[in-house]
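With the hints as a guide, dock the two chains, each given alone in a separate frame, to form the complex.
Respectively, the protein sequence lines represent chains X and Y. Position 50 of the first sequence, counting from 1, maps to 49 under numbering that gives the first Met the number 0, and the rest follow consecutively. Position 3 of the second sequence, counting from 1, maps to 2 under numbering that gives the first Met the number 0, and the rest follow consecutively.
Source of the hints: derived by calculation from the structure; they are not laboratory data. Careful: at least some of the hints might be erroneous.
[Unchecked claim] In silico DSBU-like pairs for lysine-lysine, Cα to Cα no more than 30 Å straight-line:
(1) Y:LYS41 <-> X:LYS65
(2) Y:LYS41 <-> Y:LYS59
(3) Y:LYS42 <-> X:LYS79
(4) X:LYS79 <-> X:LYS65
(5) X:LYS43 <-> Y:LYS42
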Amino acid sequence: MKPTRSFNESLWAFHFNSGSCNGCEIEIVAAITPRYDPERFGIKLVGSPKHADLLIITGPVVKKMKDRLLRVYAQIPDPKVVMCVGTCGISGGVFYDSYNLDGPVDDVVPVDIYVPGCPPRPEAILHGVVKALAKLERIEGVKP
Amino acid sequence: MGIFSSLLSGSGAWNPLVWLLAFVVAVIIVYLIWSRGEKSYKKGTEQTTPFISGNKEPSKDAVHVRGGNLYWGYTEALKGYYERIVPLHSGDMNDYVLWYLGTTALILVIVVVLS
Numbered sequence: 000m001k002p003t004r005s006f007n008e009s010l011w012a013f014h015f016n017s018g019s020c021n022g023c024e025i026e027i028v029a030a031i032t033p034r035y036d037p038e039r040f041g042i043k044l045v046g047s048p049k050h051a052d053l054l055i056i057t058g059p060v061v062k063k064m065k066d067r068l069l070r071v072y073a074q075i076p077d078p079k080v081v082m083c084v085g086t087c088g089i090s091g092g093v094f095y096d097s098y099n100l101d102g103p104v105d106d107v108v109p110v111d112i113y114v115p116g117c118p119p120r121p122e123a124i125l126h127g128v129v130k131a132l133a134k135l136e137r138i139e140g141v142k143p
Numbered sequence: 000m001g002i003f004s005s006l007l008s009g010s011g012a013w014n015p016l017v018w019l020l021a022f023v024v025a026v027i028i029v030y031l032i033w034s035r036g037e038k039s040y041k042k043g044t045e046q047t048t049p050f051i052s053g054n055k056e057p058s059k060d061a062v063h064v065r066g067g068n069l070y071w072g073y074t075e076a077l078k079g080y081y082e083r084i085v086p087l088h089s090g091d092m093n094d095y096v097l098w099y100l101g102t103t104a105l106i107l108v109i110v111v112v113l114s
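Chain Y on its own, in the form it takes in the complex (with noise of 0.2 Å):
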């Protein structure tokens, strides 16, 4: 099997040849659409700075959108839960040890008492 010849399989057909030919093509089209911009404005200037109703930028982190920023509304509709369950989160491994110890414990009273 030659190396432009095409790949077929049950859902088309795929030919390296026909790709790159579609690549060039995109690229010749990106390439006059680019070269048809304005080449005058002045780089440097407020001429290179987005229009915010003629506000200054503000500093890209102030506009950063986050992950959390995503599910905003989760954490917000589940805030008495999280208020909650956040401090119990002190990164301290001795009060994750004694959680795990007290769970186990509660458990085991637990199926203690049941069995």
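Next up, chain X with everything else stripped away, as it sits in the complex (with noise of 0.2 Å):
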């Protein structure tokens, strides 16, 4: 089905903990309360992979959640963007070489956007989100 216009702009993420310590959880879910309020954007957190454009990853990757990552991104359907919350995704963070990492996140899946901070401040994720929305409709084509 291709999708309406309207619905090309309401992007659903997915929300994936891969061994975070709750800190960038709590910064989004501050992101979706009423102070920003995406979702009078259409934009939303869902319950599962299957109906998102977005897969929000924080934590490091730790070795127990390397396959549930990759189920769970496998499970997206396609065109979809990868956004990593929040430095121990990006670099390992603290946990940086820990014998217990498969991380950071792009050694486990492709990731389109970078979110860094511990924890990103709302700002910072509600901007990694139109970064993402802008990349999810270049790749659909509706926008240059």
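Below, the structure is given as structure tokens:
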């Protein structure tokens, strides 16, 4: 089914915690509160990767979560965009080179957008979401 | 009475044409919903497996709900009873005949004693 124009503007995101300390989760939740209210633009978190356009990954990908991350990534329909939120997912952060990591995230799945910070502020996360939306529109050929 | 005439009863009317029309309308609605589904998913990949929080899908027999699961609470509550009764059902006809003879003998003794 070819989505309608209004459907293209709405970005549904699935959040995956690959071993985060919950700091980034708190900021993601802060980003969807009425203070910022991204849902007025159709941007919201969904409960299944099958409904998502965007995969938001937090955490440095511990060994137990690698298979699950790969499975969730595979379950998101194309076209999809991956956003890595937080320093841990980008470089391993304070867990860099740990015996218990299979990450950082871009060692496991391809990442399109990096949002640094420990944790990043909600404004930074929303900025990343806007970048994701722009990239998805380019992939879909909606906008150049 | 024609083949398409209405059948009237105390509880209502039934007409094969109305039924057929309702069936056709239902099929059209189902087709419209189905045709609006996402067609670009990749068959034979993870996209056709259920989402179980990222966990691998267990084999069908591992998650099958058996008939016995429906009355699990009943057997659990009467566990003390079933622990004694189930071993007696050995499947051996000799055991059952012995039980039959023993029970018959007991009843006969009781009847004789009471009479």
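If any of the earlier hints don't hold here, list their numbers in rising order.
-> none
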